[in-house]
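Listed below, chain by chain, are the residues.
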Amino acid sequence: MTLNDLCQPLSAKVLCGDTDKSFSGVYVGDLLSRAMSRVSADNIWVTIMANSNTVAVATLTEPAAIILAENVDMPKESLDAATKNDITVISSPLSAYEISVVIANMTPENK
Amino acid sequence: MPDKVRFHFDVDGSDFSSAGAASVQVKKKLRQLAYPPEIIRKVSIAMYEGEINMVIHANGGVVDVEASDEEIVIVLSDRGPGIPDVDLAMQAGYSTAKDNIRNLGFGAGMGFPNMKKYTDYMRIDTEVGKGTTVTMKVKL
Ligand SMILES: Nc1ncnc2c1ncn2[C@@H]1O[C@H](COP(=O)(O)OP(=O)(O)OP(=O)(O)O)[C@@H](O)[C@H]1O
Ligand SMILES: [Mg+2]
Numbered sequence: 003m004t005l006n007d008l009c010q011p012l013s014a015k016v017l018c019g020d021t022d023k024s025f026s027g028v029y030v031g032d033l034l035s036r037a038m039s040r041v042s043a044d045n046i047w048v049t050i051m052a053n054s055n056t057v058a059v060a061t062l063t064e065p066a067a068i069i070l071a072e073n074v075d076m077p078k079e080s081l082d083a084a085t086k087n088d089i090t091v092i093s094s095p096l097s098a099y100e101i102s103v104v105i106a107n108m109t110p111e112n113k
Numbered sequence: 002m003p004d005k006v007r008f009h010f011d012v013d014g015s016d017f018s019s020a021g022a023a024s025v026q027v028k029k030k031l032r033q034l035a036y037p038p039e040i041i042r043k044v045s046i047a048m049y050e051g052e053i054n055m056v057i058h059a060n061g062g063v064v065d066v067e068a069s070d071e072e073i074v075i076v077l078s079d080r081g082p083g084i085p086d087v088d089l090a091m092q093a094g095y096s097t098a099k100d101n102i103r104n105l106g107f108g109a110g111m112g113f114p115n116m117k118k119y120t121d122y123m124r125i126d127t128e129v130g131k132g133t134t135v136t137m138k139v140k141l
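Residue numbers (this note's numbering), protein chains in the order written: chain A, 3 to 113; chain B, 2 to 141.
Because the hints were derived from the structure by calculation, they are not lab data.
Virtual Cβ for every residue (Gly too), placed ideally from N, Cα, C.
Each hint should be verified, as a subset may be incorrect.
[Stated by the list, open to error] Computed list of lysine-lysine pairs in DSBU-like fashion (alpha-carbon distance at most 30 Å, straight line): (1) A:Lys78 - A:Lys15; (2) B:Lys28 - A:Lys23; (3) A:Lys23 - B:Lys29.
[As the list claims (entries may be wrong)] Per label pair, the in silico range of CB-to-CB distance: (4) B:Asp13 - A:Asp32: 19 to 27 Å; (5) A:Thr4 - B:Glu39: 19 to 27 Å; (6) B:Ser19 - A:Pro95: 24 to 32 Å; (7) B:Gly130 - A:Met3: 51 to 59 Å; (8) B:Asp16 - A:Ser24: 34 to 42 Å; (9) B:Val129 - A:Met3: 52 to 60 Å; (10) B:Phe8 - A:Asn87: 40 to 48 Å; (11) B:Val129 - A:Asp7: 25 to 33 Å.
[As the list claims (entries may be wrong)] Non-contacting residues of chain A with respect to chain B, defined by C-beta distances greater than 12 Å in every case (computed): (12) Met3; (13) Thr4; (14) Asp7; (15) Ser13; (16) Val16; (17) Cys18; (18) Gly19; (19) Gly27; (20) Asn53; (21) Ser97; (22) Val104; (23) Asn107; (24) Met108; (25) Glu111.
Next up, chain A with everything else stripped away, as it sits in the complex (with noise of 0.2 Å):
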């Protein structure tokens, strides 16, 4: 499963960065020291936070995608951060409760 799989079950929009990736578990929050030392890598980060900081913690900690729920838009500078260390962002209008759901379904292992 890559994360091309998830793009139309969540109606996402790729914002940036390379979708043929594959991903393995689902980390969901907003407060940044928190996402820190819970998010993995290959994980997918599930947020509503989308900043520049955002961006610094997951060039750090390196998750498959971060998605950005309730279509919430990552500003540009931000973007081209993320497009320079390789992360991809994603935004989908469903809610992080909504997104991890559609995955979990759609992935066994990560229930």
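Could you slot chain B with the ligands onto chain A? The hints should help.
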């Protein structure tokens, strides 16, 4: 892995949006030097939290990192307000961050607990009105 490599960074206290840049650079350098991923992860978390604290609580400062084949030593120094009660500041969830900073995602009060958890040694030297120096070591 090299005998000993040193890095020095000035951390700008006026620009929240670039906060974390020094930690990102150290991570990239340690990766080039072929340090194990779990060591890089620990150093990244600990240094990031220290760097952010200098930016949001102390108006910036300097970071020195020394990496050898035995340990990685991170020293963060600032001339900020100092910490009146270190035991209190170390408690999970304790934060004096203001609303404008919380709105950016900071202020969980987990920075110091993370630094403690992901390092093998941590020491805080601080004096109110003078500044704070945090020393951390991650052993290989
Ligand atoms: N360099 C510093 N200078 C002065 N005060 C500091 C410094 N670092 C931390 N503090 C104080 O210690 C408290 C706890 O720091 P800690 O990093 O654990 O949490 P936080 O920075 O408030 O939130 P978080 O790190 O979760 O975003 C801070 O709220 C602040 O009062
Ligand atoms: Mg902090």
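For each hint, the structure was consulted:
Among the hinted pairs, Lys78 of chain A with Lys15 of chain A is consistent with the structure: their alpha-carbon atoms are about 15 Å apart, no more than 30 Å. Under the criterion of a C-alpha separation no larger than 30 Å, the hint pairing Lys28 of chain B with Lys23 of chain A is consistent with the structure, at around 22 Å. Only pairs whose Cα atoms come within 30 Å are accepted, and Lys23 of chain A paired with Lys29 of chain B is accepted, the gap being roughly 21 Å. Our hint of 19 to 27 Å for Asp13 of chain B and Asp32 of chain A holds, since their Cβ atoms are close to 24 Å apart.
The supplied range of 19 to 27 Å is met by Thr4 of chain A and Glu39 of chain B, whose beta-carbon atoms lie about 26 Å from each other. Hint check: Ser19 of chain B to Pro95 of chain A, Cβ distance near 31 Å, so the stated range 24 to 32 Å holds. With their beta carbons about 55 Å apart, Gly130 of chain B and Met3 of chain A fall inside the hinted range of 51 to 59 Å. At about 35 Å, the beta-carbon gap between Asp16 of chain B and Ser24 of chain A stays in the expected band of 34 to 42 Å.
At about 53 Å, the CB distance of Val129 of chain B to Met3 of chain A agrees with the hint of 52 to 60 Å. For the pair Phe8 of chain B and Asn87 of chain A, the supplied restraint of 40 to 48 Å is violated, since their beta-carbon distance comes to about 19 Å. In this structure the hint that Val129 of chain B and Asp7 of chain A lie 25 to 33 Å apart at CB is violated, the actual value being about 55 Å. Distance check on Met3 of chain A: its Cβ is at least 23 Å (rounded) from any Cβ of chain B, clearing the 12 Å threshold; non-interface status holds.
Non-interface status of Thr4 of chain A relative to chain B is upheld: no Cβ of that chain comes within 12 Å, the nearest being about 22 Å off. Residue-level check passed: Asp7 of chain A sits 26 Å from the nearest beta carbon of chain B, beyond 12 Å. The claim that Ser13 of chain A is not at the interface with chain B holds, since no C-beta of that chain comes within 12 Å of its own (minimum 25 Å). No Cβ of chain B comes within 12 Å of the Cβ of Val16 of chain A; the nearest lies about 22 Å off, and the non-interface call holds.
With a least CB separation of 17 Å from chain B, Cys18 of chain A remains clear of the 12 Å interface cut-off, as annotated. Here Gly19 of chain A stays apart from chain B, with its beta-carbon at least about 17 Å from theirs, past the 12 Å limit. Here Gly27 of chain A stays apart from chain B, with its beta-carbon at least about 15 Å from theirs, past the 12 Å limit. Some Cβ of chain B comes within 12 Å of the Cβ of Asn53 of chain A; the nearest lies about 6 Å off, and the non-interface call is violated.
Ser97 of chain A, annotated as away from the interface, keeps every beta carbon of chain B farther than 12 Å; the closest lies near 18 Å. No Cβ of chain B comes within 12 Å of the Cβ of Val104 of chain A; the nearest lies about 24 Å off, and the non-interface call holds. Consistency note on Asn107 of chain A: stated as away from chain B, and its beta-carbon is indeed over 12 Å from all of that chain's, at 28 Å minimum. Met108 of chain A, annotated as away from the interface, keeps every beta carbon of chain B farther than 12 Å; the closest lies near 28 Å.
The beta carbon of Glu111 of chain A sits about 22 Å from the closest Cβ of chain B, which is more than 12 Å, so the claim that it is off the interface holds.
Hints 10, 11, 20 from the list above are not met by this structure, while the remaining hints are.
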